[in-house]
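Enquirer: The lines below spell out each chain.
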Amino acid sequence: MVLADFVEQLLNGLTVGMVYVLLAAGLSVIFGVMNVINFSHGELFALGAYFALSITNPLGAETGFWVALVAAPLIVGVIGVGIERLTIRPLYGRNPLYHILLTFGLVLVINDLVRLVWGTEQQQLVVPNFLTQPVAVFGIQLSLYNYFMIGFAAILAAGTWVLLNKTKYGMIIRAGSQDREMVRNVGIDIDRYYTLVFGVGAALAAVAGIVLGGYQNVNTTMGNSVIIPAFVVVVLGGLGSFRGAVFGGLLVGVVQTLMRAYNGTVLADLGEFTLTVPNMEGLTVFLLMIGVLLVKPQGLFGTRGEESEGGEGEILVGGDGGLLNESTKFKLGVVAVALLAIAPFALLVTGQRYYVTVLNEILIWAIFALSLDIVMGYTGLVPLGHTMFYGVGAYAAALVMLHYTSSVFLVLGAAILICAALAWIVGALSIRVSGVYFAMITLAFAELLYSAVFKFEFTGGSDGLLGFEAMMGIAGIGVPLSDIELLVLGYEIEQRIVFYYFALLLGVLSFLVARRIMNAPFGSVLQSIRESQERAKFIGYDVTKYKRRAFVLSGGVAGLSGGLLAVSPTTFIISPDQTLYWIHSGEVIVLTLLGGMGTLYGPMLGAGAFLGLEEVLSGYTDQWRMVIGSIFILFVLFVPRGLVSVPSLVAERVDRVQNEGDPPVNIDDPEVNPDD
Amino acid sequence: MTDAVLRTDGLTKRFGELTAVDSVSLTVEEGEFRSVIGPNGAGKTTTFNLITGALTPSDGIVQFKGQDITTLPPHERVARGLGRSFQITNVFSGLTVRENVRVAAQSVNRDDINTWTALFQDKDDFESINAQTDEILEQIGLAARADEPAETLAYGDQRRLEIGLVLATDPDLVMLDEPTAGMSSEETQATMDLISDVLADQSLMLIEHDIDLVMRVSDEITVLTRGQELASGTPEEIANSEDVRDAYLGGARK
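Chains F and W, in that order, give the protein sequences.
If you use this note's numbering, the first sequence closes out at 793, no skipped numbers anywhere.
If you use this note's numbering, the second sequence closes out at 1715, no skipped numbers anywhere.
Incorrect hints may appear among the rest.
With a straight-line Cα cutoff of 25 Å, these simulated SDA-like cross-link-like pairs (lysine to any residue) come out [to be verified]: (1) F:K662 to W:A1579; (2) F:K446 to W:I1530; (3) W:K1526 to F:D659; (4) F:K662 to W:I1530; (5) F:K446 to W:A1540; (6) F:K662 to W:N1575; (7) F:K662 to W:W1577; (8) F:K446 to W:L1580; (9) F:K662 to W:E1698; (10) W:K1526 to W:V1569; (11) F:K448 to W:D1583; (12) F:K413 to W:L1479; (13) F:K662 to W:L1479; (14) F:K662 to W:T1578; (15) F:K662 to W:A1540.
Hints listed in this document are in silico derivations from the structure and should not be mistaken for laboratory results.
Chain W extracted, bound-state conformation (with noise of 0.2 Å):
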């Protein structure tokens, strides 16, 4: 067995009569791009909820790192080094950059808080959390704008900033939701650059329907439709795949 970042076994989803994911088993490896996609209501969406612990799923197993989280709360998936980034941005609109950033790295840093700490000293007295937030800081290149409230960076910036919550966190792998939905080709080559650049270390899982986009990047591809697996492997063998064609390429394609 070589070293699984993330395994699903048999995952189900059923809401009532519907099943949204239907015995998905996918092997995400260490350092693997892998991007899952398919065409609406094929359960991409779904699937990555079960995986970040959003919900819960009806049947199957979530293993990380050799270990089963499947009823972990999304807590303490992010604490064994599971992060996501949200479709639409998510950031703490209220507070500072660098309290974005120096919050998020708080939360993987905890061993150097202990009770007292934690309700009497200084938020910025910790010099490991400090450090990291410096360098997170410079690698999503926001050092300069650290002391302004995040609601008044661009969309772009705060797209940066989203991606600097996950990396705060210490992933070791990050899941990824649809991070360039609803932008222009610009905007979407920016994204996908600053992802390869600052996410370089980490597994990756993209949920995408932009097929060109999960072309370009992915090491492996999972394509789903009506909540089933209905093909995996490198982005040749997919573009190659005649079921993969008849399904989504060609038939359902938007």
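Same shape as in the complex, but just chain F (with noise of 0.2 Å):
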């Protein structure tokens, strides 16, 4: 009986693991040829299993879901075509992050489009009733559709490899994935089947989202549940590896599958001592993918070695741009600064006093953007998961809080302290790895404590921590927030203002503070290190050693903002999914991105104008993440230094409009892609 129940699950996770398979072999092939992060990849899944829905309703689940399994997949791979062909070409030979902020707004677009379209209530996709019927293999009872999931996943899969390896499109996708450039040298045009593989690989998606949809049930979260597994199963596997994808997706799936199942199981009863299986759902297969990065870098089956720095493509930092001089910025600067001083006033006199709060939450993101932008604008590194330590600096600061001190200063202490530690660990054991490697590395562990505060007593699970408040003050001496209230020419001053300006100090003072060691010694050679990583180490720098201490700095700073998030008094939970959660990673690197990374100025007023927008549109429509998506996709695509870049942009344009008949200027602007 035991080993029966073992057998089911088994096949419940080998069910879950095509599911897999099908997901990762297309996100797989799509980085391995064209070396694009696709984000979307879960949102074309989740179309495809909307489609089927519409397919199946008016005709009925028996003929409907044969229909829909067959048309779904094909309308998500024309869907595919046209997102390459409009937005992902352009980008060809851009750094990889580029592609992580373009799928980022696609993932954003296609939800709301979704929402729009289908509602956001959980729907049933009615599969054909012999498919439901239960069968008994062996005395293991499951019903048809898992047998039916196995065998047809199975069937697409081999169908992909036989497209991959036995046809000359598959060996010329192949060999584009080995080496581009030879592909082009010899004369055929690479960029055509790129298309293909893009629309092939979104219809395997789609295929596995109606035969996921139908397994389980049909939301608009079904997206952004499964993407975060695939990318481990692609990593897992080996980047560009199909057979990588297989067996990592079988791997996860039934790990997953086996974990949940058996959860706190007693394996063995040994008298005193009992061995259980640990309550790790959710860790063990991001654990597995650290474990399987450590030891070997390039996953279970990839070949491909150290990427070479040529093919990363330069990340485009913002630049100075000519227009504005020093002084002009500095006054500019400080402008800024003086606004935002005199803003809860005007805000009081006006009666807006809510967007007090929305001010203190941009204060709290410009800091942690500032943060990444220290090693992604400045050192040339992409975290994946850098929202661990602005989660983690709130989760510390708020137990620092319950347990041993309110004063905000050793909370904030704390919070920086253990974020640069976690900083330090993480990068000990990541920094090794590049690129791509060090972007899922990264997002695995912020995935691991994600799943961990869930776990943990002491960090209260899904619920959270609360109960916590801050007091202005050191060793006792100092004023609950709650307490301060002050009149100032009658306008009270709530504790809400009061953080604002501390928050504010704090920020210029960050800011102050990186500008200085980002032009000092040790930010002249991180510079170094994002312009040419051997070059650096060939003039005699230990890049390894300069890239974790600005990993700790820039940890630090994080966990800075998310003390902050904790200590400021409208914060009354700080919960897994508000700090931890992995769109908050994408979040921060899109208004970096969005402000111009590489000016530490720049993500600062990235954070503004993020939140400042989705609060405004917000207000407006509630379409507003589609309206953000758009927004960065036509960023990425036309302003890809950012906000900071927008003077520069229109003096060009400027005097292009001006010199009318000469001919363009283009052979040294910047803009242009290099690779072109």
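The task is to assemble the complex, starting from two chains supplied on their own in separate frames and drawing on the hints.
Expert: Below, the structure is given as structure tokens:
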């Protein structure tokens, strides 16, 4: 009986695993061939399920399901082709970072479209009656649908393998994943094949969505919930490796299902000791991925070695925008701070107190974005799990307030130190892998922490932590924030305004300190590493050590922002989703790029623009995510150096208009893709 | 024993079944211009990478100024005075010409920087580093363009900057990996002039497949084939060697 149970769970695991295989196969080949990290893959997966709903509902389950299984993937495949042509193609040769931003924008747009068209209610995709019948094989009762899923997905996976390995198309695609330039040099227009790869990848994702939709249900978060495990599969198996995707998919499916099924089961009772399956569902796959990457950085079946630096594409920093000289920028900065300093009064006078809370959030995120800029804009490392420091900073601050002291200075100090220490550990383990692998391993660490806070008693599980309060002071001398009440000119200065000035002060200080460090010898080495790691090594710098130090610095600053979140008087709860969810790692990258990285003030500006826009838009329309997503996409395509580059872009445009008739002076234009 | 700058003994690198470098022992004397030549696949670049530290040898040792550096990482070799240039121009393209040289000079003037100043002192406030930077900008003839981004320089000037970066690390021995690859004969001449001009005080080791060039500039030549040392000697000796003629000059010459 125990064995039968086990086999049943194993089969359940394989069923889910096959879905991952279909997803990962597309993701992996898209990455391997095009070097695109496609975050929107999960949304294409969801789209497949939704189109299937629309087809099955009028036609009925018996025929509709089969029609949907063919038609919906075709539709999604065509959508994939459109996406590739219109948005991804202009970005080839750029750093994979830009694909993250772009596909992150696509996630928002597609997800909002789905909500708009199909609603937010969870729906059931009906499958033909006979597929739902239970079948007993060797005494194991499973619905026929399980076997159908395994079988159907296996056939598709095999088909993809044949396409990749036995056809001319496949050969060119595989050759492209080995060496794109070489394929171009022998006269093959590899770009055309990219469209095909992306379309097929999208269609496979759609099939996976339909198949899983019929097994569980169809909802708007389904894409979000599969994309991270799918990435784990791809990285675990080896980026670009089809075999790796199959093996990794099944492994992750089985491990996930077994850990869930046998959670807390007693394995052996040895009198004094009982050996139980640890409560590790969710953690296991990330531990597995980190373990594999540490031992074999290229994944289980990966063949690609270290990426050559040339192929990475450069990171476009905001630059100094020749238009504004140092003193103008200094004046602008002073004006900006002055405006921020009087902003609460303006809001008080106009009775818009609520917006102080928004400003507080902006300040916190501005510091968070600043911290990312240190590693991303100055050192050229792209961490996909930066929210781990924001989250751990918040949790650390809340825990210190709950258990030790409520002095804001000590609380924030503790948050900074704990995050710096965490960054040192994560950095020591992850900085030896580079590029996309570094991005992925940091993502895995962040997800590990995200899963972990659900598990532990002291972090409050899914409820999070509450009941803490900060005190403005140290060593017992000070005032709890809630007791601060001042009257200035007849206006009540409430605690959130006090906090606002505190956060503003810290924000300005962080910026000034970070700028000092980036203009000092240490910062100059970081920038040389960003420009060329090889070169930096061969003029005598220990690149790994410098990167790790930058990461520690960045982690500490991010810890400050997380700590501030906990200290803020309008924060009552620190929960996992609010702080450690992977979306926040994406968001902070997005607003750093949006502002213009490598400038320190750009990302802070980006935080203001992003959160401000979100606030304004959500007041007008429910589809604000779609608007924001579209703005990201347009920014990546047309303003890759961010908001701070707008003045010089405008100046350039004005120049061009004035010199009408002159040949375009594009040759030295830094906006032109260098790899074209 | 004379003052050998570089000495390798039994240097070997195996990649799986393939032995790319097979027991190469060579000695570069101080002030010498040594070239290593050989047909494609002879193990030149692997030898180069073993000496600079980009690869770790399977066997054998590398000695630099009398000290064993076989297992040192590249940056520590640079700190001891072993510089290298890149075949494909590799400068910090987004930084200014001055900053390129300055950050290289900073690397060897670390005694002037303590933890506090490394983090909080403006990078342009260090007199010794600035002086060295200015001197090198003069030497490579780019002083007038010091404030332009390196990416706006013409190819030839980028090569100059490349040499400047090596020079700024104050090397005793400079390893040059096909510095004239893909150049016209005029550009090649200009580059070799630059090398003999600004790197006159350094020992040089040149990895090259252009045999005519090598014959003109070298003091000593080592010929590699299939990972092994075939012959070593002055250009005349190499030109007159039967073995070399058979293996390289005659048969496999490109």
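Enquirer: State the violated hints by number, sorted upward, taking the hints as numbered earlier in the document.
Expert: Of the numbered hints, 2, 5, 9 and 13 do not hold.
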